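Novice: Listed below are the residues making up each chain.
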Amino acid sequence: MNCNQFTHATTRRDMLRTCACGFGHVALAAMAGHRIALASDRMPHPFAAKMPQLRPRAKRIVFLFMWGGPSHLDLFDPKVRLHQRSGQPLSGQDVGRGHGKLGTLLGSSFQFSQHGRSGVWISELFPHLARHADRLCVVRSVHTEGQAHGEALLRLHTGQANLVRPSVGAWVSYGLGCESDNLPAFVTISPPRGHGGMQNYGSAFLPAIHQGTAIGSAEIPIAKAEIPHLVNARLHSSLQRTQLDLVQSLNRKHLRDSGIDPGIEGLIASHELAFRMQSTVPEILTLDNEPQAMLDLYGVGSEPTDNFARQCLLARKFVERGVRYIQVSTDYTWDHHQKVEKGHIAESAKVDRPIAGLLEDLEQRGLLEDTLVLWGGEFGRTAIADNGDGRGHHPQAFTMWMAGGGVQGGMTYGATDDFGYYPVEHPVHMHDLHATLLFSLGLDHERLTYRHAGRDFRLTDVYGNVVHEIFA
Amino acid sequence: MVRSEHLTGFSHSCRPCFIATCLAGALTVLLPCDAIEPASEVGVALLANDNRRKAAAVDPADPIAGRVHWAFQPLLDREPEGESGWCRSPIDGYVLSRLQAAKLGPAPDADPRVLVRRIYFQLIGLPPSPGQVQRFVRDPSPNAMESLVDRLLGSPQFGERWGRHWLDVARYADSNGLDENYLFREAWRYRNWVIGALNADLPFDRFLLEQIAGDLLPFASIEQRDRQRIAAGFMVLGPKVVLGNGRKKQRMEIADEQIDTIGRAVLGLTLGCARCHDHKFDPVPTEDYYALAGIMTSTRVMRKVGAQRFMEQFVGLGPRGDELDRAYEKYWTELPRIKAEKSRAQSALEFLREGKEDDLARLLESHPDALSADAKEATRTAEERIEIQEAHLAKLAAVIANQPKIYPRAMIPSDGDSPSDECVRQAGQFDRKGETVPRGFLRVVSRGPFEGIPDGTSGRRELGRWLTDVERGAGRLTARVLANRIWHQLIGCGLVRTVDNFGRTGEPPSHPELLDYLARELIGSGWSIKTMVRRIVLSRTFAMSSEHNESAHAIDPENRLLWRAHRRRLEPEALRDAMLAAAGQLDLTSMKSSVWYLGDRATEAGDNKNRRRTDFPCRSVYLPVIRNDLPDIFQAFDYADPHATTGARPRTTAATQALFLQNAEQVMAWADATARRFCGGDRDGDEEWRVRRLFEQVLGCPPTEDESAQFLGFVRRTRDLLAKEGETKPGIRAWSIACHAMFSLSRFQFLD
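Residue numbers (the numbering used here), protein chains in the order written: chain Y, 4 to 475; chain F, 174 to 925.
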């Protein structure tokens, strides 16, 4: 309902009690765009941890997002015929799409080989990741809509492009609540500012508390990321405290004069929280206390891995603290319409070691078994050349992989045709992927609904089939 | 956590929507329609199937049977029963009778200082100056209220406050949002047109007609033509998927966005639901949806630019507008061709210089224009040919460099080349065509035959008239929705709290007779918004105190019956403007574009230098509204999401808000300026006097003795501390820190 009248006036203590996780919890949620609901005592706090609907395989998800669209044909989906026919024309007949010439085939310049006991195919661009082959479930038959980045990003993150819808992480936050005492349920590290921007981690009509908390943005090195207004550049802490004491004293007087008013009470509480957060939040964001071996494992401090390594390490800290959905994004660097070979060498080198480090670290801490790690871009790339030595956008078929969180390691699921053009076996639509992600967390995508504007909404709209086969 | 609904309930394709909604759909028919809980937080869909709905006695989408719903009924005309000396207007009578029936009474009148602050913020969005407060408080005339209200209604700041309310509903923005956040460089003209229209009290029926069909209306002058064209920008402002979208698919998506916006903004109906199937709750069958869709798809708002992109249509303004705009467009459409020509001319020149006649010949074979005609003449010497080609190249470079200025222009819809009826799209998918439906309007709120849509026109003009046609069209519903919006803004909560949803899933009105009284008055006044605002503000209901009452609270905790005034948080615009006003820095001049420095894309900046600016000292209504990148203060303090109609903004209290007020550099700079302003002057030594002025400016009332002492104690202690720490100007710094504290006070942030 719209008016958000602060019903059932409560005392401050009552309000603390009804906010199931207590204020320390809400503090950080509030930090980056989340708001404290002044819940009446009839209503559970929206952020309270909730029971999943099904047996959960994972407790949380880490999504490693490769912005721009990495080439499945150069990384995870080797194509012998494409290689053989490189330089020759591809006609529509070859892939069952009309008769005209589609373009000139461009074979991959990279060597593929099988890795681990399971023999998962991985190209030479991901040598560190290849050591974790037996942990990966490589899904080669993902497909989506959106020939341009913006539409594809929105579909990947929210399931829809032409309407503003909650993002996957917001649904997870809504469905499961927060496991942590002092952090939001959904954190996005270095999110894109373009191609839908905030909408890709927004809560749309879900309560704003479920919106993703952004740490920095894609074009800023994570080491320089700041959370706005978290620090007072002028006043030292004790002076700020006395200033706040004056504020709170006058506000409490206003409250006394007004009788009961949860609005004023909330305001008083919010100022107190804000003050506390100024010291607690920066501690979480710093990597100063990590041992050197850990920094080395991820590649912090060396190039070209430093930035993505920091992002991945930060993701692990959030994993440890019980955040439910953590996204890590590259900058908009995977869109190689020209020189796909050179570009993919450079981009893979930035992320390979950090990703391997993250898997290793999670495994060592015993966290991988209940953390689902997902890797992928908004679409794949074409088998036909773009500008001679590049590849175009290809939402019709591409590869994403998962690890941990109850999925089968060392598995390759689904297949594409000889040119990686269309899925030919077990196609997995974006809606299916979303249904599967929710399923891994114990959420039934058909039952996780929210009533808005007179009807129930869900992440997968009226679509989506869980890919049960990939779970162990 | 409660948040206002601000997005449409529609999915681009629905299998019988949701099982749960189907069951609920059946229930709405079997039960009194308002018994359905409108919003449940815990969303676990019930299991049932679509057959339940069919089993219901009446089809909920039946546009004739559906007229029984209260919102579609004729306006009630019942005298208020509550009568007493308390009442100043019929409004008070309706309110009092409900209170008395619940054994409640109205709160006492608000203190004049509280009231004057409330009136200023509600009417013009600005705090009264201490002098203005004094004048009102000391005015002994019985007409003090009336003359104040009339003065504020006549001030240009009224439109800046009330225009913004409409801009929330009109999903106004300066950029596209969605997939590619292209800048709407000219949208500000529409924003300023809205502000001007509210100031001129343009009757709402005309206000609406110009927004829906301004480009089609006759005009007596170029100025009028341009105003109407700018108004019609309303049809163009929605967010759209602009890259890689198919033309036909996009056209249907845009139509849906327009129908949804008009439905919710004007009619309080979620029409989008009927795109895929008959509406589950409201009497809107799919045919009625596509009758409207035909009007929208017969309207063009986009044009194709380049291979992939669509962008909004523009029209030039002013007497030579069309011509100048054509020249501008011609430059940009021809630019790629000229650039290519220049690049070939460059190659040709190099071949000439290097004497590569074979290469040159090959180039000329495929592109004869690579070499200028004179340079082709073999009789000339090589030097001459080079010289001629260099001149040719320079000419091309000059054409490219001569970028025409952007002339004033507006985003505008136009009727398409061959307006035609639309066919039903099965399950909402644009490529699954069903039967063709003649263009028309919603049957549930129509009486008698539709006004025919003339051949060769889209029907927007007729739609615009139908929306406010009280006799035959949707006028009465429109009046109810509008009156409720005005009430919502002034009183703090709508009589119908679901202000954008008057359908069966919305809430029923708390005071049906009052709502209908207001709707009748609105129509009777010739759709004058100012008259309606005046009527409500001068009621005794508006003037009540917001003080708490334990026994009333026990009976009506949500204050639905209005036993007191709702205490309200200032919106971010009012909050910012009030801080600027305290600092003495608010510039009341109206502003044109605040996004001129942005590039084609509003957010996709490699770094911050290209980001929207918020450092203008203008009123907040003029700040950039970039979808997905709102100014920080808007983002923190519950501004409307500009992607869709937002009749009621969410109202939350969050630590982000406190962090903003405590730490934002801008807020501290305003505090500095406030301190400089109130620490100067002749009576510099009198610190009590300073505190008093500060309180009067920021809070609208003087401090109590205790407050003053406490405040001064803080200033003195802080000054001593800063002096000890080596601060060079501890006095003014201490005052600044104290002023900064004022902005965090609940009495500043709330309207009592």
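It is possible that some hints are incorrect.
Computed footprint of chain Y on chain F; a stretch qualifies when at least three of its residues, placed anywhere within it, have a C-beta under 8 Å from a C-beta of chain Y [to be verified]:
1. 697 to 707
2. 797 to 806
3. 884 to 890
4. 905 to 914
Computed beta-carbon distance windows for the label pairs [said to hold, decoys possible]:
5. Y:Gln295 - F:Gln839: 57 to 67 Å
6. Y:Thr283 - F:Thr506: 20 to 30 Å
7. F:Ala574 - Y:Thr283: 54 to 64 Å
8. Y:Gln295 - F:Val478: 47 to 57 Å
9. Y:Asp248 - F:Glu860: 53 to 63 Å
10. F:Ile573 - Y:Pro285: 17 to 27 Å
11. F:Glu319 - Y:His239: 22 to 32 Å
12. Y:Thr283 - F:Ala373: 44 to 54 Å
13. Y:Pro92 - F:Leu537: 20 to 30 Å
14. Y:Thr283 - F:Asp879: 48 to 58 Å
15. Y:Ile287 - F:Glu898: 29 to 39 Å
I should point out that these hints are in silico values taken from the structure, not numbers from a laboratory.
As the structure is a prediction and not an experimental result, all values here were calculated from the model.
Just so it is clear, CB atoms sit at the ideal spot from N, CA and C, and this is done for glycine as well.
Novice: So which of those numbered hints doesn't the model satisfy?
Specialist: Hints 1, 5, 6, 9, 10, 11 and 14 not satisfied by this model.
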